[in-house]
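Listed below are the residues making up each chain.
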Amino acid sequence: MPNYILPDFEVERRDDRCIRCRVCERQCANEVHSYDEENDVMLADELKCVGCHRCVALCPTRALKIVKYSGTFRENANWSNQSILEIYKQAESGGVLLSSMGTPNPYPVYFDKILINASQVTNPSIDPLREPMETRVFLGKRPQNIERDETGKLNNNLPPQLELSVPIMFSAMSYGSISYNAHESLARAATELGIYYNTGEGGLHEDFYKYGPNTIVQVASGRFGVHKGYLDVAAAIEIKMGQGAKPGIGGHLPGEKITEDVSRARMIPVGTDAISPAPHHDIYSIEDLRQLVYSLKEATEYKKPVIVKVAAVHNIAAIASGIARSGADIIAIDGFRGGTGAAPTRIRDNVGIPIELALASVDKRLRDEGIRGNVSLVVAGSIRNSADVVKAIALGADACYIGTAALIALGCHLCRTCHLGKCNWGIATQRPDLVKRLNPEIGYKRLVNLVTAWQHEIKELLGGMGINSIEALRGNRLMLRGVGLNEKELEILGIKHAGE
Amino acid sequence: MISKYVIIGGGVASTGCIEGIRKVDPSGGITLITAEPYLTYCRPLISYLLEGKTTLEKMLYRPESFYEKNGVRVMLATKSERIDPERKTVMLSDGTSIGYEKLLCATGSVPFVPPFEGLDTVKSKFSFLTLDDALELERAITPESRVFIVGAGLIGLKCAEGIHGRVGSITVCDLAPQVLASILDSDSANIVEETLQSHGINLILGDTVAKFEENVAILQSGASVEFDVLVLAVGVRPNVALVRDAGGKIGRGIIVDDTMLTSLPDVYAAGDCTESFDITSSSSRVLAILPNAYMQGECAGINMAEGYSSYANAVPMNSVGFFGLHIATAGTYTGELHEIRTPGCLKKLYVNEGRLVGFIIIGDTTRAGIYTSLIRNKTPLDEIDFELIKNYPSLMAFSGNSRLKMLGGVV
Amino acid sequence: MKRVYVNEKWCLGCRLCEYNCAFANSGEKDMVKALKGKKIYPRIRVDEHDGITFAVSCRHCEDPICVKSCIAGALSKEGDGMVKLDRTKCVGCLTCVLVCPYGAVVQDERGAALKCELCLTNTAGYPACVKGCPNAAIVYEERD
Chain A
1 MPNYILPDFE VERRDDRCIR CRVCERQCAN EVHSYDEEND VMLADELKCV
51 GCHRCVALCP TRALKIVKYS GTFRENANWS NQSILEIYKQ AESGGVLLSS
101 MGTPNPYPVY FDKILINASQ VTNPSIDPLR EPMETRVFLG KRPQNIERDE
151 TGKLNNNLPP QLELSVPIMF SAMSYGSISY NAHESLARAA TELGIYYNTG
201 EGGLHEDFYK YGPNTIVQVA SGRFGVHKGY LDVAAAIEIK MGQGAKPGIG
251 GHLPGEKITE DVSRARMIPV GTDAISPAPH HDIYSIEDLR QLVYSLKEAT
301 EYKKPVIVKV AAVHNIAAIA SGIARSGADI IAIDGFRGGT GAAPTRIRDN
351 VGIPIELALA SVDKRLRDEG IRGNVSLVVA GSIRNSADVV KAIALGADAC
401 YIGTAALIAL GCHLCRTCHL GKCNWGIATQ RPDLVKRLNP EIGYKRLVNL
451 VTAWQHEIKE LLGGMGINSI EALRGNRLML RGVGLNEKEL EILGIKHAGE
Chain B
1 MISKYVIIGG GVASTGCIEG IRKVDPSGGI TLITAEPYLT YCRPLISYLL
51 EGKTTLEKML YRPESFYEKN GVRVMLATKS ERIDPERKTV MLSDGTSIGY
101 EKLLCATGSV PFVPPFEGLD TVKSKFSFLT LDDALELERA ITPESRVFIV
151 GAGLIGLKCA EGIHGRVGSI TVCDLAPQVL ASILDSDSAN IVEETLQSHG
201 INLILGDTVA KFEENVAILQ SGASVEFDVL VLAVGVRPNV ALVRDAGGKI
251 GRGIIVDDTM LTSLPDVYAA GDCTESFDIT SSSSRVLAIL PNAYMQGECA
301 GINMAEGYSS YANAVPMNSV GFFGLHIATA GTYTGELHEI RTPGCLKKLY
351 VNEGRLVGFI IIGDTTRAGI YTSLIRNKTP LDEIDFELIK NYPSLMAFSG
401 NSRLKMLGGV V
Chain C
1 MKRVYVNEKW CLGCRLCEYN CAFANSGEKD MVKALKGKKI YPRIRVDEHD
51 GITFAVSCRH CEDPICVKSC IAGALSKEGD GMVKLDRTKC VGCLTCVLVC
101 PYGAVVQDER GAALKCELCL TNTAGYPACV KGCPNAAIVY EERD
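Chains as they are written, first to last, in my numbering: chain A, 1 to 500; chain B, 1 to 411; chain C, 1 to 144.
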């Protein structure tokens, strides 16, 4: 049977720098490198290389380089190499193509076409090194009006809020799709930073109950790990209706990844597949959603905010409006660029809409209907840097979730082969010898560094705009201008074109 | 003249004693009396000196400044004649005497010279124990010399290695049917014999000298060996004379308790002149090895200064190499034998009552200390992975918790 | 005194510590020049079996038995300092190998003894194994 599949990468080794230390061989879970003792050379089987760069990062003499495979089919603007190879794969396997992480396809990235204002001359900048800058935000329902009692004293009718030191949280990534050590790093970083991380649909490992005050627990369609203790320990509860990377479908974690610990956290038997169905089988209307929201509030004595997470799809504005009336305190919208441990390739690449457009239309609709104060908005789906955060807030978000960015901080090199379970960085795997590679002592510090750095940058950008708090930035579309966007896009985003 | 601490003998045991005393008593006067004209040097290195692997200066066990820094008055080239345990004095050969509060007898070994017939007719004959022996031997040999060494123990073979390449021929003979009869079995000795022979050293085993006739040795078997230089390396005996004559209890060596105290009040003994309790054979033996001498000396010193120390886990052991072939041995060779042969290494481990009591390793002696530690600590072998450690000495054989204790803090 | 400690929970058995050690003690400025085509003699050794890995180097014991056993007086310890090996005095008898309970003494290219000296005597200045460990499994700190 001839081999139709071409390697994705070539391994280039500078032999004059290679000292035959064999660290690359020991550290590659895909068994790409090997040592030929007879000839005293290192060999590389490039077909197995996924481009994760573990060997490159660890080589003590920088002798390794991973490059794109230079072999190619005849040039074709319609049939790319990728499209041809995908057909070969499906002809061989008969299976659904799976992919990991967010879609890499060249759809427009609206964040890169939006520019931020700065103050000049009139309304001067604020110097963040000298003036206080408030990056703190509160997420939750705002009361409709101020109530006072007969003596005139303020009646505290504030629903439960989440306090964030900076408008960034760690997105939902389940224990099972990522490792114990990755969760520990996220939990510890969230605690130190004064923000939150999200358990995802894999339940909560008992070792992490102590980080409860900084944990958002998720109730997803499979209801994995949902029990009273789980709800009680958390700071907030998120009902997962959908996910940006794979809107409309459920999830599937293969049985090999359900280890002892994962099985306990999810409350399913070891080795069984963990299937999350597409809909919640008890939610078929907005009234059903409201029922679940209030069941969770009853179960937790109305002390914790309830978040509803949806994927950004065509009618997102109408959907959000419904959710805002369902009693949810926070709506989380996940754009189509969002990451995933594994999803069918066609769905990941073709379903959903960009978060920038979804956010802008949801914010506008809720304001128009006078219910913007019913909920806080949290957005996700490829927030890549502090400028994206600032732009998202200016478009109307209260805070952002970061998923992919957090994993990259932990060492992820975006090789997009998480679904194979051999993550060389100890993140998207359950193999103990690989999970070991992510030392939470190192991991949590890197996450703290990342968010702290972004916080400084946000302060600089705010100061530059002449604003001294996130609150004053929220929904402040006047601080944004578009560039290279057409009339329709500008209209949906609600911003003017640069120069206007 | 009175000195608080007096040490007779300038070997390594004396240094151990000085350092032991100073751990407890920083100022009490110490007098060191040695018959040799040298400060403490490493006796085992005399063969390496001939080989050129060390120098006279580097052979000093401690730097010259050590003695002044530690307040030690050194009397070189001074022989001690008698100990008077009642008056607590030591009489020296020049007639003077020194009084002591505490005394250490560290007189070491003396070579054992069997009364060979005709030995007095041999003109060029040497022992090989002291530095002077080695220097005299060096003066005597020429590139044509035929050297005949009687005794294929550690001393004899080391001497052979030391002069290898500098003389015409070397022949070693021993009454035992193998070399190194005191530390190896015949299997392992064979490997050593092959190595020696491949370097041109002639071995005559199972035979010894019947008589000498000037420069010919007539052996018991009737064979004869012509030689120019004779080295007698038959054995050594503990130098017990001083303590014996003073009325102290003697076995094969000076008998001491766990604190190195002899049967004479305030008189201690350490080193090759004593016999110690070997935990692997559960018997008293003379353990004439340098590590033992130092540790006994240190123990004696601490006790002499009224600290408290006991040395009760002595284990016979040896690490030596011949022409690149390494040998490591320890303990006693009784009990159940576990033998492992790999290319380049022969290993024999002896297990008695569930504990390692001895081993012989020829070839790759890497990490042998892990085995020695099992013997010294009397570790029950069912507490570790013995199958693993048999093949490969490693801390992996211990449990994770044990390793945490061993490697996780200050030891 | 600070010592090098390896946490077997995080040790990956990658052996970068061995190569960094060999490089730090080579006297060369470039790792390729120091190690290419040469057998390495690291003073820290990785042990590996059945999924467990850890590395062992000289513990700089408080009462070092190797110092008491060295027949050449080549090993010494000053106060609570590190255990030092004078390689010019060593004759390669390997008695220290025979007595070290940790198996921490290794052999150099001449067959003589060699052991960790905390990079205090070479140009690295700070333990190279600690610096180069990719998973913070090796630390350099004071413990009791």
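Keep in mind that the hints are not guaranteed to be accurate.
[As the list claims (entries may be wrong)] A few chain C residues facing chain A, derived, Cβ under 10 Å:
no., residue
1, D30
2, K36
3, V67
4, Y102
5, L120
6, A124
7, N135
If you are wondering where the hints come from, they were derived from the structure by calculation, not from laboratory data. Every value quoted in this text rests on a predicted model; they were computed, and no experiment measured them. From the three backbone atoms N, C-alpha and C, an ideal C-beta is built for every residue, glycine too.
> Can you list which hints this structure breaks, lowest number first?
Replying inline: 3, 4, 5 and 6
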